[in-house]
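Now for the letters of each chain:
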Amino acid sequence: MAVAAVLLGLLALAVGLRLAGYDAGAALAALWRGSFGGWYAITSATLVRAVPLTVIGLGIALAFRAGAFNIGAEGQFYAGAIAATWIGLRVATLPPPLAVAATTAGAAVAGALWVGLPVLLRLRYGVTEVISTLVLNFVAEALVSLMVQGPLQEAQGIYPQSDMIAPAARLPLLPGTRLHAGLPIALVGAVGLWYLFTRTLWGFRLRAVGAGPRAARISGRIDAERVAAAALLGSGAIAGLAGGIEVTGVSYALFQNLSPGYGFTAIAVALLARLHPRGVVAAGVLFGALEAGAGAMQRDAGVPAVAVYLVEAVVILVAILAARGHRGGAEELA
Amino acid sequence: MTELIVLAGGFLAAAVRVATPLLLAATGETIAERAGVLNLGLEGMMLAGALAATLGATAGGPWAGVAAAVAAGMLLALLFAAVAVGARANQIIAGTAISLGAIGLTGMVYRQAYGVAGAGLDVPTLAALSVPVLSDIPLVGPGFFRQPAPTYMALAALPLVWWLLFRTRAGLALRATGESARLARAAGVRPRLVRTLATVAGGGFAGLAGATLVLAQVGTFAERMTAGRGYVAIAIVVLGRWHPVGVAVASLLFGAATALQYLFQTLGLEVPYQLFLMLPYALTLLALAGAVGRVRAPADLARD
Chain W
233 MAVAAVLLGL
243 LALAVGLRLA
253 GYDAGAALAA
263 LWRGSFGGWY
273 AITSATLVRA
283 VPLTVIGLGI
293 ALAFRAGAFN
303 IGAEGQFYAG
313 AIAATWIGLR
323 VATLPPPLAV
333 AATTAGAAVA
343 GALWVGLPVL
353 LRLRYGVTEV
363 ISTLVLNFVA
373 EALVSLMVQG
383 PLQEAQGIYP
393 QSDMIAPAAR
403 LPLLPGTRLH
413 AGLPIALVGA
423 VGLWYLFTRT
433 LWGFRLRAVG
443 AGPRAARISG
453 RIDAERVAAA
463 ALLGSGAIAG
473 LAGGIEVTGV
483 SYALFQNLSP
493 GYGFTAIAVA
503 LLARLHPRGV
513 VAAGVLFGAL
523 EAGAGAMQRD
533 AGVPAVAVYL
543 VEAVVILVAI
553 LAARGHRGGA
563 EELA
Chain A
80 MTELIVLAGG
90 FLAAAVRVAT
100 PLLLAATGET
110 IAERAGVLNL
120 GLEGMMLAGA
130 LAATLGATAG
140 GPWAGVAAAV
150 AAGMLLALLF
160 AAVAVGARAN
170 QIIAGTAISL
180 GAIGLTGMVY
190 RQAYGVAGAG
200 LDVPTLAALS
210 VPVLSDIPLV
220 GPGFFRQPAP
230 TYMALAALPL
240 VWWLLFRTRA
250 GLALRATGES
260 ARLARAAGVR
270 PRLVRTLATV
280 AGGGFAGLAG
290 ATLVLAQVGT
300 FAERMTAGRG
310 YVAIAIVVLG
320 RWHPVGVAVA
330 SLLFGAATAL
340 QYLFQTLGLE
350 VPYQLFLMLP
360 YALTLLALAG
370 AVGRVRAPAD
380 LARD
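Residue numbers (my numbering), protein chains in the order written: chain W, 233 to 566; chain A, 80 to 383.
Hints listed in this document are in silico derivations from the structure and should not be mistaken for laboratory results. Here the structure is a predicted model, which is why all the values come from computation and not from measurement. C-beta: ideal position from N, C-alpha, C; glycine also. It cannot be assumed that every hint is accurate.
Facing chain A, according to a computed beta carbon distance under 7 angstroms, are these residues of chain W, among others [as the list claims (entries may be wrong)]:
#1 Ala252
#2 Phe301
#3 Val371
#4 Tyr541
Chain W stretches covered by chain A per the calculated footprint, using a threshold of three residues with CB under 8 angstroms from any CB of chain A [claimed, not checked]:
#5 375–382
#6 498–511
From just these sequences and the hints, can you work out the full model?
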């Protein structure tokens, strides 16, 4: 199914390009060159973008499995990025491993806190997390704007961005490339989540809740709301961690539009993977390649980089239409 | 004193200008949500409307642009309805996909139609129409009576939509579908048809909202130019308590929050305007929690 969805997505792109009068062959060739066309493209373009998509995608898979629709990963990512920047500017004297740990852990906490309000609203007032998490994306973006023109603005006070974080707080790089240690973190996260889903009681509860409240009741006394709340908090922490990894591994600074919509693209990643951690890694690399190749497509074939969003849309639509039929909760996605 | 009135009048006019596309999109979304459809594709439908307005206006003048935009919004809404209502796929995910896809599609078509240089400012636009006498009222005159046509269309739509939703049999059937599709079906209503029609109507409004951005405000198209306004409209529907009048007030509030930053710039005030940008969202969250009046979403929203 996943392969068919991707092929259909690429086909839609090719047909769309053709209809709009572009040279589809040249565009797809550029897409390939920019993503898998060499060691540097693979490591420094594709995998660098695959890291945030994979990490956030894992978080989204966690929430969606519990039937909780976290549409606010973008905001949680920014909350993590703000925290990582704030901490990263203050840990220059710490030994590097400790500085990195403090920075990324702070980012995860910030992400969990950012989804805390939607969780509270859901538990206390039965408010759907779809709208509350969505709304908080805008608040987070405004907060970033406030930070880079206020408390976190660079020392000269000219540019709307923060100073560079301390070298001690930066993730190590693979020599000769821009690829950073966020990749092993993402892989370890995927294994951890796989273990959680398949080998623990908690993972069983998660699936029961995702299959619908009735299934949860039948499976024994599972407090569906508590499980969903925990999944949302975990999902927020993971998205926040992704923001922290982006700051400590790629940008070293905070600025607006740090994320080109990773929080939304990661939804496609998680769905294409049918919410399985191993699949999330594969889908993360694939979408990282699309994002990486998009730049080359724009440069070399004059096709706007945003064209790859068409591929993502088709992939999502095919994935949910194919998964339809098994009704009920998140199981219809998985 | 007169200076103050002029300043306040200008602020109000800016607030209404910013609010107009939000109000149009939110009015359409109110119809859809009352029928039980949460349309996260609204952002994409606005964007499609914006591009269609640019193409239509270039080809046949501003009103051809408006018509093209409404058609584009409805077409995309029909696609969304086919997936989310017809095939009963998850509304939230389908809507997200539609919005993503619209970014890609509009970007491709725009670049091909206008080249790297873009459409520039040659797109014929809708000029402001002054209502005689009323537009000379101090303070509120420029804000409400010296605006381009879409503002008047948005204001005219309010009583119409209210009447349709709350005073007609069709409106009753629509609201019943939003509260419980099952019971509505038992009462002889066809929920999928109602939801499809409501979604398509909402898409038309979203397209018009996109046209407003291009033809009455910016004067040209740009990639991703809706910049999240479709999602803001969804927040507005919540804050407006799924009611046309509440939605109008909420739209104006969001418009005012944005207009404040222009006011601060004019006055040379160094106030962190982002705090004001956050304010309406905070109110929306409070509204969700039930703190701003009694709020209840249609019971069957985003369910089937």
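Taking the least C-beta to C-beta distance, is W/Tyr541 closer than 7 angstroms to chain A? holds (3 angstroms)
Please check whether W/Val371 passes as an interface residue: C-beta within 7 angstroms of a C-beta belonging to chain A. holds (5 angstroms)
Counting residues of the segment 498–511 of chain W whose CB is closer than 8 angstroms to a CB in chain A, do you get three or more? holds (count 3)
Hey, does the W/Ala252 contact hint survive, CB to chain A under 7 angstroms? holds (4 angstroms)
Closer than 7 angstroms between Cβ atoms is the bar; does W/Phe301 clear it against chain A? Give me holds or violated. holds (5 angstroms)
Taking 8 angstroms as the Cβ threshold, is the statement that the segment 375–382 of chain W is covered by chain A upheld or broken by the three-residue rule? As far as the segment 375–382 of chain W goes, the hint holds, because 5 residues have Cβ atoms under 8 angstroms from chain A.
The structure is consistent with each of the numbered hints, conforming to all of them.
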